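So in this note's numbering, the last spot in the sequence shown is 115, and the numbers never skip.
These are calculated hints, taken from the structure and not from any lab test.
Keep in mind it's a predicted model, so treat the numbers as computed, not measured.
We treat Cβ as the ideally placed atom computed from N, Cα and C, and that holds for glycine.
No incorrect hints appear here.
Capping the alpha-carbon separation at 25 Å, the derived lysine-lysine pairs in DSS-like fashion look like this:
1) K63 with K3
2) K51 with K63
3) K3 with K39
Derived Cβ-Cβ restraints for the label pairs, each shown as a range:
4) G108 with G83: 15 to 21 Å
5) D81 with P10: 29 to 35 Å
6) R18 with D74: 39 to 45 Å
7) R19 with Y87: 29 to 35 Å
8) A55 with Y79: 24 to 30 Å
9) S57 with G83: 16 to 22 Å
10) D81 with A54: 29 to 35 Å
11) D75 with E14: 35 to 41 Å
12) D78 with R113: 20 to 26 Å
13) P77 with R19: 36 to 42 Å
14) P77 with P52: 27 to 33 Å
15) G108 with L48: 29 to 35 Å
16) K51 with G108: 34 to 40 Å
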Amino acid sequence: MEKDTLFLLPPGFEDNDRREYCPECAEMWGLLSWFPAIKESLEITYVLIEKPRAAMSDILGDKNQNAPTLVLHDDSPDYEDCGIMRYRGLRFINNARDIGKYYAARFGTPFPRGS
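Generate coordinates for the entire structure from the input sequences, incorporating the hints supplied.
Written out as C-alpha cells, the structure is:
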C-alpha cells in the first residue's frame with residue numbers, strides 16, 4: 001500500500017529571534033502518538049519554517065505551503081466535510097483540524113472537539 005504524505009515543521013526551529021514550535025504540528029504529533037496505526041500509514045516529511053518550501057511548492061504550488069499538510073495517495077479514500085482540496089490532480093488537506101476529521105472518518109478515531 002502506498003502511503004499518504006504528512007508535511008510537518010520540525011519539533012523546534014528558530015524564528016522571530018527565538019526557538020519556537022508549530023502548535024498545529026504539535027497537535028498532529030499528539031494525534032499520531034495516541035493512534036499509532038495512523039502513523040504507520042504515513043510518510044512524514046519535515047519542511048523548514050522558511051518559504052518557499054520546495055518539497056511542498058514543487059507538488060502543490062507556491063500558495064499551498066502550510067504545515068501541517070496531508071497529501072493523499074491516489075488510492076486513499078475521499079470523505080465529505082474533511083476540507084479536501086485539489087491542485088493539479090493531487091488531493092490534500094492543509095490544517096490540523098480537517099486532517100483530524102479525515103482520520104476520524106478513515107480510521108474511526110474520535111473527531112476533534114468543535115469540528
